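Following the hints, complete the assembly by docking chains B, C and D onto the known chain A.
Number of protein chains: 4
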Amino acid sequence: MIIVIKPEASKGAVQGFTALLEKQGVKVHLSEGASQVVLGLVGDTSRIQEKSLLAHHLVEKVIRVQEPYKRVNRLFHPDDTRIAIDGLDGKTRHIGAGYVGIIAGPCSVETREQIISVAQSVKQAGAGFLRGGVFKPRTSPYSFQGLGCEGLELLIEAKKATGLPIVTELMAIHQLEIFDTVDIIQVGARNMQNFTLLKELGGCRKPILLKRGYAATITELLMAAEYIMAGGNDRIILCERGIRTFESTTRNTLDLSAIPILKKQSHLPVFVDPSHATGLSWMVPAMAKAAIAAGADGLLLEVHPNPEEALCDGEQSITPARFAELMNVLRRYAAVEGRIWDEEDEGNNETP
Amino acid sequence: MIIVIKPEASKGAVQGFTALLEKQGVKVHLSEGASQVVLGLVGDTSRIQEKSLLAHHLVEKVIRVQEPYKRVNRLFHPDDTRIAIDGLDGKTRHIGAGYVGIIAGPCSVETREQIISVAQSVKQAGAGFLRGGVFKPRTSPYSFQGLGCEGLELLIEAKKATGLPIVTELMAIHQLEIFDTVDIIQVGARNMQNFTLLKELGGCRKPILLKRGYAATITELLMAAEYIMAGGNDRIILCERGIRTFESTTRNTLDLSAIPILKKQSHLPVFVDPSHATGLSWMVPAMAKAAIAAGADGLLLEVHPNPEEALCDGEQSITPARFAELMNVLRRYAAVEGRIWDEEDEGNNETP
Amino acid sequence: MIIVIKPEASKGAVQGFTALLEKQGVKVHLSEGASQVVLGLVGDTSRIQEKSLLAHHLVEKVIRVQEPYKRVNRLFHPDDTRIAIDGLDGKTRHIGAGYVGIIAGPCSVETREQIISVAQSVKQAGAGFLRGGVFKPRTSPYSFQGLGCEGLELLIEAKKATGLPIVTELMAIHQLEIFDTVDIIQVGARNMQNFTLLKELGGCRKPILLKRGYAATITELLMAAEYIMAGGNDRIILCERGIRTFESTTRNTLDLSAIPILKKQSHLPVFVDPSHATGLSWMVPAMAKAAIAAGADGLLLEVHPNPEEALCDGEQSITPARFAELMNVLRRYAAVEGRIWDEEDEGNNETP
Amino acid sequence: MIIVIKPEASKGAVQGFTALLEKQGVKVHLSEGASQVVLGLVGDTSRIQEKSLLAHHLVEKVIRVQEPYKRVNRLFHPDDTRIAIDGLDGKTRHIGAGYVGIIAGPCSVETREQIISVAQSVKQAGAGFLRGGVFKPRTSPYSFQGLGCEGLELLIEAKKATGLPIVTELMAIHQLEIFDTVDIIQVGARNMQNFTLLKELGGCRKPILLKRGYAATITELLMAAEYIMAGGNDRIILCERGIRTFESTTRNTLDLSAIPILKKQSHLPVFVDPSHATGLSWMVPAMAKAAIAAGADGLLLEVHPNPEEALCDGEQSITPARFAELMNVLRRYAAVEGRIWDEEDEGNNETP
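Chains as they are written, first to last, in the working numbering: chain A, 7 to 358; chain B, 7 to 358; chain C, 7 to 358; chain D, 7 to 358.
Hints in this document: simulated from the structure, not taken from any laboratory.
Careful, some of the hints might be misleading.
Any copy, or any two copies together, can satisfy a pair, since identical chains are not distinguished.
What the hints assert, rightly or not - Restricting the straight-line Cα-Cα distance to at most 25 angstroms, the calculated cross-link-like pairs of lysine-lysine (DSS-like) are: (1) Lys12 <-> Lys166; (2) Lys212 <-> Lys17; (3) Lys205 <-> Lys12; (4) Lys270 <-> Lys12; (5) Lys33 <-> Lys76; (6) Lys17 <-> Lys33; (7) Lys67 <-> Lys270; (8) Lys57 <-> Lys67; (9) Lys270 <-> Lys17; (10) Lys12 <-> Lys76; (11) Lys67 <-> Lys205.
Since the structure is predicted, the reported quantities are computational estimates derived from the model, not experimental observations.
With the rest of the complex left out, here is chain A:
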């Protein structure tokens, strides 16, 4: 941690401040420049609050040298995290560490027929996981809010029918009790900094798909994951889904540069959701391919049998037929650098 002292500070005042800092168990190196004094703090600075330092009348700037996250930091955990999830079909799917995983399904579960038919289509096309919203965060109180518990029942039926592990969004802590048969719990972008919820999920043992808030920095996403890991749950999938910028042609700006950065800074797998990011189904294939090429560990894709009649987000869903086509192209992109396509694993349990 580096502290830049205000130019007007007296020598004595700086000495007093240094003594104060050293009482907190750190060593202080002082560099005296032509017009400014800089202190370098060495040792365990994790308990020293940048903001508290900034309130001190001698301090002009505080710069943290080390990242504020530890458990999610690749520095202390060099190997990629791999998450294994068992399907009811007897097959184990892997996420991270070279595997490419595809989570597909409708924005909202609508009817038994709809969700089972989508589940079968996406499984056949090679998806490893089924997604479907049942509790929906909606900007307007007058919009369709999801089928709730009834929708969850239908999603579980689709899981039984296909064997695919299921992924759905949790919106409040009390819903946790009914998420027992859910395989991956999604935390939506709007809840990425719902710290009470994150702490609770730290105590559960299910994989968490943590979506980046649309105005969250990469560091904040990693800090949100740190909340979950600090609670003891290390099965976290990070998910980039677009950030809010001045550009309004797309719903959000998909930040694909976040992929290499997240993978450098952290050992956690990184997924991308091109459907929500762009909000426009015709753009989904281009951005899905780009995400794989940039090194994403997997994708979240919205698939709906009849997007024109979807109760929610139809404009960003692709049909099962287009999904199958896209999967064929994505396999070829993943093959360019020898990525492991999840389904190849079938009947072959050796690790890569």
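Relative to chain A, chains B, C and D alone:
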């Protein structure tokens, strides 16, 4: 609602689509341009989802003419909302409709001595409400998370000692049961789109101070308020506290233009929090004065007896002495256009 | 063009306004809603200024249905633009319409040895064009401003030595006279809305590489290209190079979703500059691959023999060895969907 | 300047690097932390490029402690800059150092009658300067581009008729020759980083009104001013006019927090342009008052006798009558803290 049809659409297809729309109870006006057909939907379009229309293969763009919010909309409720709150000192404070209200206090409640001393100072300087955080949303799981229930007890003691109504942040639904003696419930920026929480607050009868998310549009802030009003609670104070932009000199960019817009679009009172927006105490006076001049109905100001030793956000807190000075200047700014300073109301219960 | 009338407008006032509009040669369709009147303007609305309408006291909103650009619009020019550029080596390079083009070279031309050695390396690795800055736009007046005319001489020597067409940035109109031997003129991000310069370039007959301003919308980029085309020059290459957002880990946020949108809205070729966007050389390969997968027509890549000693932007340059490796991988990504790699064209002049 | 070394660097490598740095004339202090080494550079670091250091394989981060600007820096020039401008009416107007200045007039000069009538109105209402665009930067090549030289003639006539000094925008270097009778040269937001133009203006002796680019940081605005001052011209007025954010209700987000920051970091006067920032005339008064309350040294206000018929930006112009009303209110806001209203100076040439 306006629907722009894709240029390649056939006449027959457009007729079929028009018929489909009219079945949903709206009248459709068709304008045929040189290269494009545009449909104007007239009637109650509130049940028609823009996004569902966008999924239709004939549709190029959908433009909503009316704002998506109703209860918070000034169009349907032309008079300013005024909220009256009784203090234990027998005085009623008013918020909105010409009154200027000041909510002041420390970022976090730390000790009995601290909170009671601040409460007395800010009351004496003319603040109408005491704020103090007890459950703190913190980016890092390793930061001070607030004193919790114990802090709430101390805040209530300060309320009893001074008579000031108190304001504190609610982070989760289950905390509602212990918020009985809280006078104004604050919803923090990170929870502005925690829709489960908003619905719950719609069912309670306490005033809600709803902070704008740092990446929320003005429309989204109003939609969040609409969630609360749709539940039956119409005592809502909107609060601008800075948005996230590319500029990094200040923590956030305080969007003061939101004030005239919110006051034009809605009848709800609008407060501003210059302490969190700028994150730098020396900037607080300038932005507080600007907020009043721009028409804000009140301010949230962080005051700490010893900012250098604050457990949280000391760098943005001003001392009681500077607060008292600032209040004197603010009164003069408020007087320029004859705003009602809350304290003048004492012993005079006539409405303005 | 759609005009939403203010709710308080009288019937007579609207009739008068309609008459006024029809005098300007358009037909007006009136839709009367429950609470609002909407006018649809049909015909040639290109002379009617949105902003002038907005100033009218009856008008609440104005919505343009058609895009404001014409010559760069794919609607009026469905086929991809292809630009052919002859090298001194007797080979013609193509840009756009299925070809993948690579422009590579150092940020700044520094010495004869440096530029000739880079030119030879990138040619050998398969680049089709040599870039090198001679007039440099620098944020600080105290930074290295480029070698100027002397640098241009060296760049021309490298062109002669390798046969590669050269690309360099023009910063002011008066430099045009010495750009005679330059093959592609680059307009930098900071000059994207230097309209005087754009008009001048509309009058020249050289291909223009037009970089998107870091705060320019996609529509503004296309309008800047429209300025050049309106002047008669239709050989324009659009270039995405990152936009400014709240995320500060990367220098800018590379907006790869701009690629499919630009290619849908316009017939012009679209390049991507991952070096400037990320500002970090280790991220360049990931983003270069993603750009190709997203459908970019080519890339601008900074290559420097010794990035640690570069006079400018060394941190974003890759070495010739890494460039050659990257090219091998990029070829495989381009091959996935059968893109035409520029060099394959050698000795084979059939068009695709 | 602080250099954070990569964790994997060997002791020997760091020593070599330190020796290299010291050869460039700085002293290096080394702080060895638990997991990282940090170098503090002391002395004249102005020739050491951050970006070049970043390219070095040992370097992880570089942090500049001192601001990169010198001449515009208040640190080296503690007193406010005051600019005196003589009018043809024999009166000297002052800008900065406690004075409040008002520049008013139409977006574009349209006719002799229009500009002279506006000039007389704004002078009568108390404006100190007349503005009017003659060369207009327009997003579309098909929009009205200003009257050019003819417009300049009309503006000069208005100057003669009223005695008001005039302000107009320069778009290209070659226009400088005809700007002889212009009193303040405006550099528009889109040209803020047109470095060739800035260098040229450094060589002239007229006051420059430098508008902040809509995506420029505060530091970049100061660096642009540094370009002009480095050339020898120290009569610069900085102007905040809104930045580009995700919020689309207003054209731009007026960043009033820039005012206290600019005034802390620099000695130059700071103006605000609420007309362009909001793009909506009804918002202009609120934001003009807020700007004065936040400490702005003056305002740029668009005034048009008939905004509904303006050829340019009518929607953001106020009428002379509303301008006169606004001026009366602004005087009262300026008086709250004893600011010197320019006109009070009449017949009283003592400096404050």
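TODO: Would you pick out the hints that fail for this structure and give their numbers low to high?
DONE: 1, 2, 3, 11
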